[in-house]
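From first to last, the protein sequence lines stand for chains A, B, C and D. Per my numbering, the first sequence runs over residues 3 to 141. Per my numbering, the second sequence runs over residues 3 to 141. Per my numbering, the third sequence runs over residues 3 to 141. Per my numbering, the fourth sequence runs over residues 3 to 141.
Read the hints as simulated data drawn from the structure, not as lab findings. It is possible that part of the hints are untrue.
It does not matter which identical chain is used: a pair holds within one copy or between any two.
[Said to hold, decoys possible] Think about it this way: if two alpha-carbon atoms lie no more than 20 Å apart in a straight line, the pair counts; the simulated SDA-like pairs of lysine to any residue are:
id, residue 1, residue 2
1, Lys64, Thr82
2, Lys64, Arg110
3, Lys66, Pro120
4, Lys51, Ile21
5, Lys125, Thr96
6, Lys64, Tyr108
7, Lys140, Arg110
8, Lys80, Glu50
9, Lys124, Glu98
10, Lys99, Met44
11, Lys64, Glu106
12, Lys64, Asn26
13, Lys66, Lys116
Everything numeric in this text was worked out from a predicted model, so none of it was measured.
Residue-level listing of the chains:
4 protein chains.
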Amino acid sequence: MEFEYRRRINYYETDKMGIVHHSNYIRFLEEARTYWMDELEMSMSELEKEGITIPTLEVDCKYKNPVTEGDVIIIRHKITEFNGVRMLVKYNVTEEKTGKTVIEAYTRHCFTNKELRPINLKKHNLKYYNAFEKYLVKE
Amino acid sequence: MEFEYRRRINYYETDKMGIVHHSNYIRFLEEARTYWMDELEMSMSELEKEGITIPTLEVDCKYKNPVTEGDVIIIRHKITEFNGVRMLVKYNVTEEKTGKTVIEAYTRHCFTNKELRPINLKKHNLKYYNAFEKYLVKE
Amino acid sequence: MEFEYRRRINYYETDKMGIVHHSNYIRFLEEARTYWMDELEMSMSELEKEGITIPTLEVDCKYKNPVTEGDVIIIRHKITEFNGVRMLVKYNVTEEKTGKTVIEAYTRHCFTNKELRPINLKKHNLKYYNAFEKYLVKE
Amino acid sequence: MEFEYRRRINYYETDKMGIVHHSNYIRFLEEARTYWMDELEMSMSELEKEGITIPTLEVDCKYKNPVTEGDVIIIRHKITEFNGVRMLVKYNVTEEKTGKTVIEAYTRHCFTNKELRPINLKKHNLKYYNAFEKYLVKE
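Take the sequences, apply the hints, and build the full model.
Put into structure tokens, the structure is as follows:
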């Protein structure tokens, strides 16, 4: 299962090159993940109230074509690895009008308690474990 | 007593207008405040460990002349009101080479506990109260 | 005429106080302005192609109640002064669920050419002049 | 040849997890590159005046240990591939007091004209070509 998140580029996300600053895409990926969780009636805030958080272990982002203020990007992402301890998410981001690829990326995550020590989500929150498991797309 | 904080402008702080995005100056002001606290052997981290924080109640910033990547700004600021409950800080920011005024600003703050409820710093941390009091410049 | 812009708070917009960093609201206000222009079939990109830009001359923001990741804010704003040379925009931002005021703010702007020299919009782009004029709410 | 850049973490760079938001490290890496260029009497602004820019083609960042406001990081980086058309930079970032690794990263870049079309730096700016060439560390 693949998810789609539509996002307009803001002025403050551009730099003097006239295009989106490359660091901001990392933020858009996070945005896509949290909107997707919202849609599934999960939420980072709910999870954090239980003392669970999902830090990022690695980001890899390949920049293909730039976008700028007023452009709209479509972020498609899917979970390609998940075992309750670690998760890998892959992203393909395109520009809405031209369909051109903007970036290709993946992010690795783990699940931790408040002290940022790794936990197994299966033992700590079965609802979320099942949700992530359900949407796992093996490649 | 007035303080000085020297700061180079980063590429990622510019926008497609080719100059620093106006929201970033609010961050530079915070930076100046925390560096000043460091210099006086105070620190936000230390204060927060005691459950005290210093939220911003108001920001007013007048933009005079733009700066861009590679420029260096000098932030001069002083505490002009302080009573343990509230604090007013005023800033004059200039560009190093030309001496031109970049922004003029002030920020209002209060002191709160972790739940963001107002406290009197005098009762909760006399060391910090005395430090702020000492550097108060009445206008 | 007052405009409304609905906006979810992102994780990356919070700070270690657990709430939105105060500098980010300045960005949300810009977002509201550009979305409003989009709605009226105007756009910053179109304007900038003609060599016109709308720098911010002043920001004043009073912080009333904090919001955090997952919260939704409603930005209501209106143009209260406009003469083709300068513009004043006022904002009231509330949290969707509770209706509580989050911030109250205003921003002052002028219209400039690419070299950031002031121009009169009436002489340089009548379409945009008329649009801003039409939505002026005198107080 | 390896370079070092020392950098204090700002409050506005943290998120509600209490640590630096992972997107900000991408900005710190850019900062390290531009400070290094400054030190060698090169500058992005100078290069951009000639119509040359250095976009990022890829970022890969592995997060090892978190840092927070007030911590100081040391960014050590070196150019490990360079041929005038493309460049690979590797980074090791540690926390000053503990010496712990914070992130390990690399960034890939090319050189382009204003229209973001690839150029060979050797043909367009020999001074900068020679500087990058001189500091190339083959692995």
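Status of the hints after comparison with the structure:
1. Lys64 / Thr82: both (18 Å within a copy, 19 Å between copies)
2. Lys64 / Arg110: both (15 Å within a copy, 9 Å between copies)
3. Lys66 / Pro120: Close across copies (13 Å), not inside one copy (34 Å); limit 20 Å.
4. Lys51 / Ile21: between (37 Å within a copy, 14 Å between copies)
5. Lys125 / Thr96: neither (37 Å within a copy, 33 Å between copies)
6. Lys64 / Tyr108: both (9 Å within a copy, 12 Å between copies)
7. Lys140 / Arg110: This pair counts as within: shortest intra-copy Cα distance 15 Å, inter-copy 29 Å.
8. Lys80 / Glu50: For lysine 80 and glutamate 50, the Cα distance exceeds 20 Å both inside one copy (22 Å) and across copies (37 Å).
9. Lys124 / Glu98: neither (37 Å within a copy, 33 Å between copies)
10. Lys99 / Met44: Between copies, since 18 Å is at most 20 Å while 31 Å is not.
11. Lys64 / Glu106: both (5 Å within a copy, 17 Å between copies)
12. Lys64 / Asn26: both (13 Å within a copy, 17 Å between copies)
13. Lys66 / Lys116: between (36 Å within a copy, 16 Å between copies)
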